[in-house]
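Could you build the full structure based on these sequences and the hints that come with them?
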Amino acid sequence: MTAVQEPAAEREIGRERRRKEDQRLITGRTRWTDNLALPGMLHLAMVRSPFAHAKIVSIDTTEAKNATNVVDVVTGADLGEAQGACINAWAITEDQVTPPHLPMPVDRVAFAGEVVAVVVARSAAEARDAAELVDVEYDELPAALDLKHAATDEVLAHPDLGTNKSAFWKFDSAEAGTGGDVDAAIEKARTDGIVIEREYRQQRLIPAFMEPRSVVVDPTGEQITVWSATQVPHILRFAIAATTGVPESKIRVIAPDVGGGFGGKLQQTPEEMIAFAVARRLGRPVKFTETRSESLMTAHHGRDQWQKLTMSAEKDGTVTGLKVELLADLGAYVAIVGGGVPVLGAFMFNSIYKFPAYQFNCQTVLTNKTWTDAYRGAGRPEATFAIERLMDELAAELGEDPIEVRRRNWIDADEFPFTTVAGLEYDSGDYEKATQRAMEMLGYDELRAEQKRRRESGDRVQLGIGVSTFTEMCGLAPSRVLGQLNYGAGGWEHASVRMLATGKVEVVTGASAHGQGHETAFSQIVADRLGVPFEDVEVLHGDTQVAPKGLDTYGSRSLVVGGEALVKAVDKVIDKARPLAAHLLEASADDLEYAGGRFGVRGTDQGITIQELATAAFAAHSYPEDMEPSLDADATYDPVNFNYPHGTHLCAVEVDTETGQVSMRKYACCDDIGNIINPLIVAGQVHGGLVQGIAQALWEEAVYDDAGTLVSGSFTDYLLPTAADTISFDIDHTTSPSLTNTLGTKGVGEAGTIASTPAVVNAVVDAVRHLGIDDITMPCTPERVWRAIQGVAGGGATEGAAMPHFDSSTGMEGTVDRTTGGAQ
Amino acid sequence: MIPAQFDYLAPTTVEEALAALAEHGDDAKILAGGQSLLPVLRMRLNAPEVVIDLGKIPELRGVRDDGDHLVIGAMTRHADVLRDPMVAEHAALLQRAVTHLADEQIRHRGTFGGALAHADPAGDVGAPALALGCEMVIAGRDGTRTVGADDFFVDLFETAVGEDEILTAVRVPKHTGWGAHYEKFVRVAHQWPIVAVAAAVRVEGGTIAEARVGLTNMGSTPLRARAVEDALRGQPATEDAVREAASRATEGTNPPSDLNGDSDYRSHLATVLTRRAVLAAAGG
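For the record, the sequence lines run as chains A and B.
Each residue of the first sequence is one higher than the last, beginning at 5 in the working numbering.
Each residue of the second sequence is one higher than the last, beginning at 1292 in the working numbering.
Hints are computed from structural coordinates only; laboratory data are not their basis.
Hints are supplied without guarantee of correctness; some may be wrong.
As the list claims (entries may be wrong) - Covered stretches of chain A (in silico footprint by chain B; criterion: 3 or more residues with CB under 8 Å from a CB of chain B, positions within the stretch not fixed):
(1) 128–138
(2) 709–723
Stated by the list, open to error - Subject to a maximum C-alpha distance of 20 Å in a straight line, what follows is the list of computed SDA-like cross-link-like pairs (lysine to any residue):
(3) Lys69/A with Gln1296/B
(4) Lys358/A with Met445/A
(5) Lys670/A with Ala1480/B
(6) Lys59/A with Ala81/A
(7) Lys174/A with Asp99/A
(8) Lys670/A with Met445/A
(9) Lys1465/B with Glu1530/B
(10) Lys192/A with Asp176/A
(11) Lys670/A with Ala1379/B
Built from N, CA and C at the ideal position, the CB exists for glycine as well.
This is the structure we're talking about:
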């Protein structure tokens, strides 16, 4: 048996591979859930509440049932217990107040858009038509809408609960033994130091993924198969089984190609549960695909906090304490992660700085708005925004450069590993190096000089430079930590490597990609580690029968947890192959070297490739007695720690002081995400993340009117930026390999989103600070910037003027009604 | 999303279209490029029983020279207006206005006449049509009539086009040699203008001989800023003189309030943008 020695292939890790999944994803010629058509499949349309809070008095389905090709019209009462429930997997305190969440409530709706009935018809159009014939009588109830007002319990989102306050979660460094007493630090600073007190608003955002949510349920086999545009097929299967009584082994969940999520598809949705129940009731396959309007109105929203912040420092700007008091809007229900989102930020407000004392307080509050949950960054953007805005405010107070103030307080490179005041152990990093590089890329000193010139000449267009030095915890998560936090699951990930008879390699991962590029990046890892061609590796995921174990994709975990599981599985394959190679080469296993996908006998040209061994194991004609004829291996990896990417983001904006218009001039960032598997995928993640974070700073806001109706319910009013609204970003990296996984990687999926928001707002404020402005509320609309220049604190709120471009009501002053249309 | 069911008619002549309109009356909607009508149908904000598509009528498309006017067929796509050399030479203001209208896809589907007849005060073509003194050619069962732009826009989404009539063409007086600029204020590129100002200026030896100024989204219809036009006449094309004239841009306006700005902010923008538009037009 001889093997031709292949020339040493280029290393796959670090190579700018174009994503192999893109052809099918971009052309759409693939299995999106809505592309599925099954024999006899019926279509669903949801009847939704127009009211934020109302009693359901009666539901008359007669007319809808008689409509053309309508098969059934079903209410929550009709389904009874068969509809299951939507779960909260993370009660953040033992006494958390958690309202029951039925997919279709029976007697009361708690937010506008909640489903009260479902129409089943032979076509989607007929279902939609008939949905308009369902006659629901409501008795409107007072709605808890404003977050601060809801926290007073004057109007209750769920009257039976007696309170809107769901849970109060606290971390105190003195109590935890990780630092000093924050109140003492602040008191001391009030007499002989500096105290910065601010209140910031994290506006409500909509994840606005590209592919609307879609679900197909086929109950006709032994297993009930659920296709869903979800990030979390494994968690969904568990939740369906746990709440309907259908055994988990009888449910197969498939997340086929999924068009984006950003956390917005990390959910067990009412629509999935309703489709599951209706399919079982009728014994026929059903499909539900939401409209864009339904998606914006009812898929979970993100952020929505008030942040009250108190930071103390010595007179020289050395920070001494940080106290955080949050109000977090849960919306109408506690979603699957729900109140845990602000807690994910609890360990991050201290960020890269050496605070001696820290306290975090968070009150989660129920309101009659769309429920909130994870959205790209989940808790960490909120924390990063707060601390990075405060550091700029401290710099302004001291009259110093904002980078100098940060440098005085951050953890130096030689201090790693560093245990923070929040109790986390940061493994590696070099904040100085990343900052130097970012300053160089931006042309920091030249822009500061230009800023000075413009200020002195009173230029109509002022220049602002914003700084954001961030870190985040990602790679969710060590299971023991999740256990301590009372999270409902672990944080491990699973991988399998299957060596096929033809030498091809099937890799199965429990992570569930929805656009990230797992197939390419994981293939690169396996190709390098196993020594097989990139093209010979196939990555399978997102089907609970193909990938039976997994915890899915969120929290920048796929590579750092799932990738590590993969490495361990590959290593097991090589270990299993060694005795077979020795047997076939008639050599001692100790004399074998494994390199480039081949076992060679040391000192000879004898050898055999792993792919030949796969064929040999399949044939099983000759193998050692103490070996099973298989090279396949599984691994489950539980991370030992989070990992902590960091970076410095610098943004220069021009502000037209006459109109308030903000134009981005330059954006430079240097992220340290450890070793990089595929620079092209990383660049894509950073660019997309930046745009999403910049959008929070400048454009996006979910606005409700006084009746609890979502005003920004279409892309006409919810302003998503496009390529036409952004500039080319300058991105680079420093590399401090993570010490918590063998690949040395850190998460990158959320970095851009987390870092960019404060960089942009800091830049906008910096541009007009000399006019006496120290804050502008997000999004920094031209109107807010202009009003701030006119002397209105924070630029004011836009809620009072909330009217959509498309609106079915008429007659309000100043309202443009675009519903009737002209003659053409 | 799926519109409610409707019957679809595609006449091939204006006469057939008028006949269909006469037959179905109130139950019918005319479809031009569909860029406003289709979203409204898909969101089920309107549910006509019949949709009459003008897309199959060749005579409604194209730009032609008619002496001291250009004639733009109502079904001419924005993209075709944009790249027409006659429009560039004789009606540069229209070209400027459609350059950044919505996005590339919409400019290739949406039509010049459809946008005018829809009469969205936030639309980009109304103010320049008004400023240039365009004449709207309207066909009915009894023949064709022409209505000046000043009388064409009646109210929000309401024009002089009767229920049994169709806008067939727009006659644009040639403004050869005039400077033109469309100053549009948006937060993101693809949205309706928060405010926009259309300005055409004829400068003679450094003096503004004539000026035409139209305002987008400053009231229930596109508006003409006559006070500004009057104030500009005979003034030097300097920043100070134009600033003074532009301060009158809000006279006779009634701007809306929405998520992008309250009416007082829009009023402020109108004066700033008018100054910029006029100066740019005078400089070009």
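Verification of the supplied hints:
no. : hint                     : in the structure
1   : 128–138                  : holds (count 5)
2   : 709–723                  : holds (count 6)
3   : Lys69/A with Gln1296/B   : 18 Å, holds
4   : Lys358/A with Met445/A   : 27 Å, violated
5   : Lys670/A with Ala1480/B  : 18 Å, holds
6   : Lys59/A with Ala81/A     : 14 Å, holds
7   : Lys174/A with Asp99/A    : 13 Å, holds
8   : Lys670/A with Met445/A   : 10 Å, holds
9   : Lys1465/B with Glu1530/B : 27 Å, violated
10  : Lys192/A with Asp176/A   : 18 Å, holds
11  : Lys670/A with Ala1379/B  : 34 Å, violated
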